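**Student:** As a plain string of letters, each chain reads:
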Amino acid sequence: MTDVASRRKPTVKQIVIWSAVSLVGAVAWGIIALSRGEEISAVWLVFAALASYAIAYRFYARFIVRRVLRTDDTRATPAERVNNGIDYNPTDRRVLFGHHFAAIAGAGPLVGPVLAAQMGYLPGTIWIILGVIFAGAVQDMVTLFFSMRRGGRSLGQMARDEIGPIGGIAALIAVLAIMVILLAVLALVVVNALKGSPWGTFSIALTIPIALFMGFYMRYMRPGRVLETSAIGIVLLLLAIVSGGWVAESGLADAFTWSPQTLTLALIGYGFVASVLPVWMLLAPRDYLSAFMKVGVVVMLAVAIVFALPAMQNEAVTDFATNGQGPVFAGSLFPFVFITIACGALSGFHALIASGTTPKLIEKESQVRVIGYGAMLVESFVAVMALIAASIIDPGLYYAMNMPGPALGPTLDSASQAVASIGFGITPDQLAAAAKSVEEATLVARSGGAPTLAVGISQIFSDVFGGDSLRAFWYHFAIMFEALFILTTVDAGTRVGRFMLQDTVGNVWKKAGDVSWKPGLYVSSAVIVGAWGYFLWAGVNDPLGGINQLFPLFGIANQLLAAIALAVCTTLLIKSGRAKYAWVTLVPLAWDATVTLTASWQKVFSDDVKVGFFAQRSQFQDALDAGKTSLGTAKTREQMEQVVVNTTVDGILAAFFALLVVIILVDSIRVWIKALRSGDRGLTTTEDPHIESKIWAPSGLIATPEEREIMRAREAEKVGTGAAADQ
Amino acid sequence: MDTRGRLRTAWRLFREFSGERAYEIYVEHHQRTHPGEPVMSEREFWRRHIDARDTDPKVSCC
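If you read the sequences in order, they're chains A and B.
Position one of the first sequence corresponds to residue 1 (my numbering), numbered consecutively onward.
Position one of the second sequence corresponds to residue 1001 (my numbering), numbered consecutively onward.
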């Protein structure tokens, strides 16, 4: 269907509106980029982001949809064609937008920007906004489009069909590897947030009986009462947070003050048991809760930032951006700020959601713009808010929380000195006061992003709601919010890993592929839990700091998956005769490959012992050979041996990820050349045939006046819109 | 459309987002595609609906 409005010349009103948006954006960007040495308000970051998103969505996303993808609303989507009432359902675009956003958003965009704040807020802000506009949102939308044209085929299947078996295998391995590293990193974030915190530990532990109760309630007492069950769950969750505060002040506090090692074992045990239980008991109710928490907290945070108008305390660009000696993660701005932010700007993981699930639910082809591009813009906005939350807290406190624990030492004095040694200041008294304000024993060495974000959120929220008296509540509320996602991810991620493993082994040994065969289920779950549990355990005990070592690997794995998705998109653009527009995904692919390969290269070959895994390895091995009994933060020979093992494993993984990127690129380029040589129309692709659509629905979230006219006309003719009555 | 109509639509979308309309959607779909045939009871439907995810896990991360 041709959109009538598109052929018209822009009206005066449109010109005025878009000029105003551009002006606001330009002023906001100017203030962010040019202010030095004075505090700016966080609200300028919000304006810069929103204005840029609006322009990108209006002009760039529209260009891609119209000229590059050439979406065609006369074509029936898989949801309309198959419509089996199970996984293929034409779903209202507004509902699908919510579902797609809830599926792509997790702890990733909250954690990455917090760590990236060590380079200052400017590099992170620029990449989160430009990255999403030109890479992340494009990847999500184009993947969604191509999967939709192929009956909702998964990324792995498309890689196999379009690039070849090697591409398919590389995609499978990449997904499995990213899952393992992701689960280890996220679990490590939880460990760092809960260690020595009876309040946090008690309230998070309570989420297990709460979820079980909800599961049984919905199964046996009130089947189908999702909202009622969720409302009860949310009330119980808030009670759990409040009661954590009582426990922390009672005689029970010691029973819930756990060491990192105890927490690690508890998480590993939880991960195994949760992933073999039926979904209805724990996972389904947790999912309902985290979907509400996710959307609720994002909205609350946006509103609170606008009302609280916090000022940025972080520098625009810190020295760590150029000297590469940052304590939170090592390496210079290029490539590590991009690797660290990952999800908020470009996330390969989204390609798994944009292929497979969402394309089977979409009503109209043109809706890929709002669902694919639009939902990713929102995710990027979440990342901007996380960066703001990390940048409004005192930089001294930021470093005291995020430097590796072994570097900070055991006391507040040693932590204060460690922070001073990198050029920032915070007194032991200030550290004690900061911990006391959120009713924690200490905030020192709580790396991983979640606690820092929680301090930022508690500062913003308590400015708007409740003042200082609620500060501790908001801190633990934020910890709960993140831990809830993460525990859901640990459970669901282990299941996804297990299915992939069973599927792979099932190719060789049929019995193992049967997902309802209990022994197979237990063994494969144990293998996946064992894999991430290994990295978690190594990370918790790493003398060099677990987050510091593992987070770059997670970022590299995620960006590797993005390279696969963008390579598949580029291949499809070329093969379907759109080669002149292939730059739309080729440019982000080239950038992403450069970033990922440079980062892996430095992680493998750098001589700098802060950056290169093998440089670290030989430094510690040489010290061991020389008979030394301590080196830097490794205080015993045993710890030094631990560093040697960890750096060897991490280094091999980094090299392996780089190798996968190279394989994918070479294999894709081979296919591109073949396609370009074979003539103007390219090779045949695997697109589904055109079937006339009988339903109609608006393209964007809000129907335009023209769409409303069409809707009215269709209702008058009684053809029905196919979708339920709009607006 | 008046305010009440808008609120009704918003509530319907909210229920659909939460997943609560799954049974209604199934019944509508079933009656349209297999008119006259018996539909699953609500309890039976929800059991199958949630158990289906045992063999089709999904994960969100970032």
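Heads up, some of the hints might be wrong.
Stated by the list, open to error - The list that follows gives simulated cross-link-like pairs (lysine-lysine, DSS-like), each with its CA atoms no further than 27 Å apart:
1) K628/A x K610/A
2) K1058/B x K580/A
3) K694/A x K1058/B
4) K1058/B x K294/A
5) K1058/B x K518/A
6) K510/A x K580/A
7) K610/A x K580/A
What the hints assert, rightly or not - Covered, in the sense of this in silico footprint (three residues per stretch, anywhere, with C-beta under 8 Å from a C-beta of chain B), are these stretches of chain A:
8) 100-109
9) 270-283
10) 524-536
Bear in mind the hints are in silico, worked out from the structure with no lab data behind them.
Just so we're clear, the structure is a prediction, and the values are computed from it rather than from any experiment.
Virtual Cβ for every residue (Gly too), placed ideally from N, Cα, C.
**Student:** A separate judgement is required for each hint: does it hold in the structure or not?
**Tutor:** Comparing the hints with the structure gives:
The hinted pair formed by K628/A and K610/A meets the criterion: a straight-line CA distance of about 20 Å does not exceed 27 Å. For a cut-off of 27 Å, the pair hint linking K1058/B to K580/A is broken: about 36 Å separates their Cα positions. About 31 Å separates the Cα atoms of K694/A and K1058/B, which puts this hinted pair outside 27 Å; it is violated. With a C-alpha separation of about 17 Å, the suggested pair K1058/B and K294/A falls inside the 27 Å cut-off, and the hint holds.
Distance check on the hinted pair: K1058/B and K518/A sit about 20 Å apart at the alpha-carbon level, within 27 Å; holds. For the proposed pair K510/A and K580/A, the alpha carbon gap of about 45 Å is over 27 Å, so the pair is violated. A threshold of 27 Å between alpha carbons decides the hint, and for K610/A with K580/A the separation of about 43 Å lies outside it, so the pair is violated. Residue count for the stretch 100-109 of chain A with a Cβ under 8 Å from a Cβ of chain B: 8. That meets the three needed, and the coverage hint holds.
Figure legend: the stretch 270-283 of chain A, annotated as covered by chain B; annotation consistent (4 residues with Cβ-Cβ distances under 8 Å, at least 3 required). Counting residues of the stretch 524-536 of chain A whose C-beta sits closer than 8 Å to any C-beta of chain B gives 0, which falls short of three, so the coverage hint is violated.
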